[in-house]
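A.B. asks: Starting from the known structure of chain A, arrange chain B on it as the hints suggest.
Just so you know, the protein sequences line up as chains A and B, in that order. According to this note's numbering, the first sequence is numbered sequentially starting from 1. According to this note's numbering, the second sequence is numbered sequentially starting from 1.
By construction, these hints were calculated from the structure, which means they are not laboratory data.
Subject to a maximum C-alpha distance of 20 Å in a straight line, what follows is the list of computed PhoX-like cross-link-like pairs (lysine-lysine):
hint	chain 1	residue 1	chain 2	residue 2
1	B	K264	B	K84
2	B	K108	A	K203
3	A	K230	A	K252
4	A	K464	B	K220
5	A	K252	A	K308
6	A	K251	A	K230
7	A	K252	A	K68
8	A	K299	A	K288
9	B	K130	A	K203
From the structure, some residues in chain A lie toward chain B, with a derived Cβ separation under 10 Å:
hint	residue
10	R357
11	E443
12	I475
13	T477
14	A480
15	V492
16	F495
Just some of the chain A residues that point at chain B, by a computed CB distance under 8 Å:
hint	residue
17	D198
18	I352
19	L354
20	L363
21	D366
22	M433
23	D436
This structure is a prediction, so every number in the text was calculated from the model and none was measured. Don't be surprised by glycine CBs; every beta carbon is placed ideally from N, CA and C.
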Amino acid sequence: MLYFSNLKTFSVLSVIIITLFFAVPNFFSKDQINSFPNFIPKQQVNLGLDLQGGSHLLLEVDTEEIIKERVENLNADVRRVLKKNNLNYSNFKVSNESLKFVVEGFNSEIQKEISELSMSNSQNILAMGDQTNLIITQEENTIQINFTEEFIKQSVSNAVAQSLEIVRRRIDELGTREPSIQRQGSSRIIIQLPGIDDPDRIKSLLGQTAKLTFQLVDTSVNFDPFNPSKAPIGSEILASDADEEFKYIVKKRIMVGGENLVDAQPGFDPQTNEPIVSFRFDRIGATKFGRVTQQNVGKPFAIVLDNKVISAPVIREAILGGSGQISGGFDSEEANDLAILLRAGALPAPLIILEERSVGPDLGADSIEAGQFAAIIGFIAVIIFMIFVYRYFGLLADIALIINLFMVLGVLSLFQATLTLPGIAGIILTIGMAVDANVLIFERVREEIRNGSNMMNAVENGYKRALSTILDANITTLIAAIILFFMASGPVRGFSITLAIGIFTSVFTAFTFTRLLISLNAKRLKPNFVGLSKNA
Amino acid sequence: MLNISGTQINFLKVRVITFILSAILICLSIGAFFVNGLNFGIDFKGGTLIEIETSQEIEISGLRDNLNTLELGDVQVQEFGSSKNLLIRVEQQLGGDQVQQDVVQIVKESLGSYLSTDINFRRTEVVGPKVSGELIQSGAIAIFVAVFAMLVYIWFRFEWQFSLGAVLALVHDVILTIGVFCITQLEFNLPIIAAILTIVGYSMNDTVVVYDRVRENLRKYRSKEITDLLNLSINDTLSRTIVTSVTTLLALLSLFIFGGEVIKGFTFAMIWGVVVGTYSSIFVAAPLLRYLDVKREWNTTSAVDSTR
Numbered sequence: 001m002l003y004f005s006n007l008k009t010f011s012v013l014s015v016i017i018i019t020l021f022f023a024v025p026n027f028f029s030k031d032q033i034n035s036f037p038n039f040i041p042k043q044q045v046n047l048g049l050d051l052q053g054g055s056h057l058l059l060e061v062d063t064e065e066i067i068k069e070r071v072e073n074l075n076a077d078v079r080r081v082l083k084k085n086n087l088n089y090s091n092f093k094v095s096n097e098s099l100k101f102v103v104e105g106f107n108s109e110i111q112k113e114i115s116e117l118s119m120s121n122s123q124n125i126l127a128m129g130d131q132t133n134l135i136i137t138q139e140e141n142t143i144q145i146n147f148t149e150e151f152i153k154q155s156v157s158n159a160v161a162q163s164l165e166i167v168r169r170r171i172d173e174l175g176t177r178e179p180s181i182q183r184q185g186s187s188r189i190i191i192q193l194p195g196i197d198d199p200d201r202i203k204s205l206l207g208q209t210a211k212l213t214f215q216l217v218d219t220s221v222n223f224d225p226f227n228p229s230k231a232p233i234g235s236e237i238l239a240s241d242a243d244e245e246f247k248y249i250v251k252k253r254i255m256v257g258g259e260n261l262v263d264a265q266p267g268f269d270p271q272t273n274e275p276i277v278s279f280r281f282d283r284i285g286a287t288k289f290g291r292v293t294q295q296n297v298g299k300p301f302a303i304v305l306d307n308k309v310i311s312a313p314v315i316r317e318a319i320l321g322g323s324g325q326i327s328g329g330f331d332s333e334e335a336n337d338l339a340i341l342l343r344a345g346a347l348p349a350p351l352i353i354l355e356e357r358s359v360g361p362d363l364g365a366d367s368i369e370a371g372q373f374a375a376i377i378g379f380i381a382v383i384i385f386m387i388f389v390y391r392y393f394g395l396l397a398d399i400a401l402i403i404n405l406f407m408v409l410g411v412l413s414l415f416q417a418t419l420t421l422p423g424i425a426g427i428i429l430t431i432g433m434a435v436d437a438n439v440l441i442f443e444r445v446r447e448e449i450r451n452g453s454n455m456m457n458a459v460e461n462g463y464k465r466a467l468s469t470i471l472d473a474n475i476t477t478l479i480a481a482i483i484l485f486f487m488a489s490g491p492v493r494g495f496s497i498t499l500a501i502g503i504f505t506s507v508f509t510a511f512t513f514t515r516l517l518i519s520l521n522a523k524r525l526k527p528n529f530v531g532l533s534k535n536a
Numbered sequence: 001m002l003n004i005s006g007t008q009i010n011f012l013k014v015r016v017i018t019f020i021l022s023a024i025l026i027c028l029s030i031g032a033f034f035v036n037g038l039n040f041g042i043d044f045k046g047g048t049l050i051e052i053e054t055s056q057e058i059e060i061s062g063l064r065d066n067l068n069t070l071e072l073g074d075v076q077v078q079e080f081g082s083s084k085n086l087l088i089r090v091e092q093q094l095g096g097d098q099v100q101q102d103v104v105q106i107v108k109e110s111l112g113s114y115l116s117t118d119i120n121f122r123r124t125e126v127v128g129p130k131v132s133g134e135l136i137q138s139g140a141i142a143i144f145v146a147v148f149a150m151l152v153y154i155w156f157r158f159e160w161q162f163s164l165g166a167v168l169a170l171v172h173d174v175i176l177t178i179g180v181f182c183i184t185q186l187e188f189n190l191p192i193i194a195a196i197l198t199i200v201g202y203s204m205n206d207t208v209v210v211y212d213r214v215r216e217n218l219r220k221y222r223s224k225e226i227t228d229l230l231n232l233s234i235n236d237t238l239s240r241t242i243v244t245s246v247t248t249l250l251a252l253l254s255l256f257i258f259g260g261e262v263i264k265g266f267t268f269a270m271i272w273g274v275v276v277g278t279y280s281s282i283f284v285a286a287p288l289l290r291y292l293d294v295k296r297e298w299n300t301t302s303a304v305d306s307t308r
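Isolated chain A, as found in the complex (with noise of 0.2 Å):
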């Protein structure tokens, strides 16, 4: 086992060699690493946002939302067949996820012309080849209907993978630095935002599900603002934006929505100096909305935001030109909001906001330094512990740990894992665990020695016995790090990454270098190199 032939020896200290490399950058700055050839590597270890101050959002697409507009739709839908078929139905009910009515003279004719006019409506979600997306079941008079699972599953998913593309741009738009969006689970969204500890701007833009309509106001009714009476059909009651108690009476027919819009910018009213968002209409927008303002010249319409009314200016006259401007009384962060709102598009349902973790850079910081320093002594008392107990042999234990500390950390740059408080608690377990693979070596040895071997067959056969050993010891601490890798997420995740690559490092170091130092020094060995004195 002592034996180290020049190609053994070689891959060993280049294992160990290229991995200190990759730990090079971490005592640089930034401005020094630039500076470097391009030969060195450049990476530093990825720091958490606990470590580094940032914020951590969880955000979830309110499924239900995506699920009851499904069902609204097809109420409509299955009311305009039934209509135009002239059926008297009774009994409609909505549920949560079906429709129940009784109706007489319900023929295959007319199941057939709601599945076509749901399956027209909803192109865009069903995969090619889908044949229906509802299920008709007829009990004498009674009929119901439900959307398949398979429709749902899709509605939920598009829906998400929708917002997810939303959060992103409205992210975007923002300017944030490197900000990671990813999408987790069936419908939920983990937004990662390094440098920023105050997220309510973000949380206040995603909150919003910023669907924009132009309705026209419906003037055909006399109306108090303050003490609404019901909307005639067709109509809605809508509140003002600036004051709830405001009401408007609106007819429920968009003019034209926010998904027409092309462009949107804030600016400032020339006249007025009030802050304005100007947009422009696509060509679609532009000739839908220029045939409206045409016909209805003299009448107010309602700019709606999210259901609420922004204003209602009234129409002087046709506009053909595509673009607008909306005023609302906002001020110029709330117009620079409202553009960036706009430009990102609406979200098909509302987000919830289901966790945040926000860490100031202090804080951070402090841990980074506190965590350092902890290290360094821990370090150290483990350092000096061991040349008390096995003198020379822990002398060459401690410079295995000084190398797995070091390796811990080229491996963590190596492969950009992320760096967590946590994490660096695993790297001082590591400091003290790490140790144990040349302890149970040695105690082998030393026991050999008792045992009436010499020094070289001791430690010969002490590698030998403590392998296995070695081996099932530490692949128990494996299997809790991987099964917490599994489980955990964040900071936590941080720490068993630690912990798996401190424990591969120390046995690593264990098994190769410090037996690769002993073999160095194999003809001198002796026993009080083990710490045994002479007569033990």
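C.D. replies: The following block gives chain B in isolation, referenced to the frame of chain A:
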């Protein structure tokens, strides 16, 4: 020069005492779990946590009274490491995930108007009911999976008797660790779960080293009385057990003293776990083998043989 090699301590002689001691501690832990319960942090209970640093010392009780007028339910204010660092905890609000977000804004505004000093918001954490429920579930699953994985691993590498002994010792350690958190009412949060999992790994590591030696000695001394053989094995590995525990504790103590407030609970759990884990491998895991009827006829040429 420290040399604990060659000891001949009769560990199994005191096994009745240590078993009773362990049983008492386990009962205490379970009792405390049902009487006191765990003091869950916001990771598991939901709610809002804000850590602030102020330029002047703050009178805590006044601030606490002020925050309690906000009608946010229970608001706790405590010092965190120094008198200028404060931790503010607001309990979870009724009304689902969305309303939790308003708390931060309300508290920040109230702090701004109440305190005349500069406030540095060092940390803000808001955990809604959905996430806290999931975290507690996945934490519990993680611990069960870890213990089960150890059971299977030891079973494969040794024999079922060893596997059972090791897992009993492991359950002992986990219960005692959760128990100490119930008794001290230290905050139990996500990193503590990580600590418990590491303790599971560490305690197993210690136990495996002793068991490895038991297996080796079972092959070596075929007719030795099992009690003597277990004693011999514990003594053989005692030096290693102590040295590794000491180095691990040295590193952890350094982290506990110098590593900062945020990580203190985690480090405390680890230190406790290393002590308990070391104790249990010597006084629980190994003596248990005496009652588990371990197999004596190991096939000395089998693949797992490490003595040749």
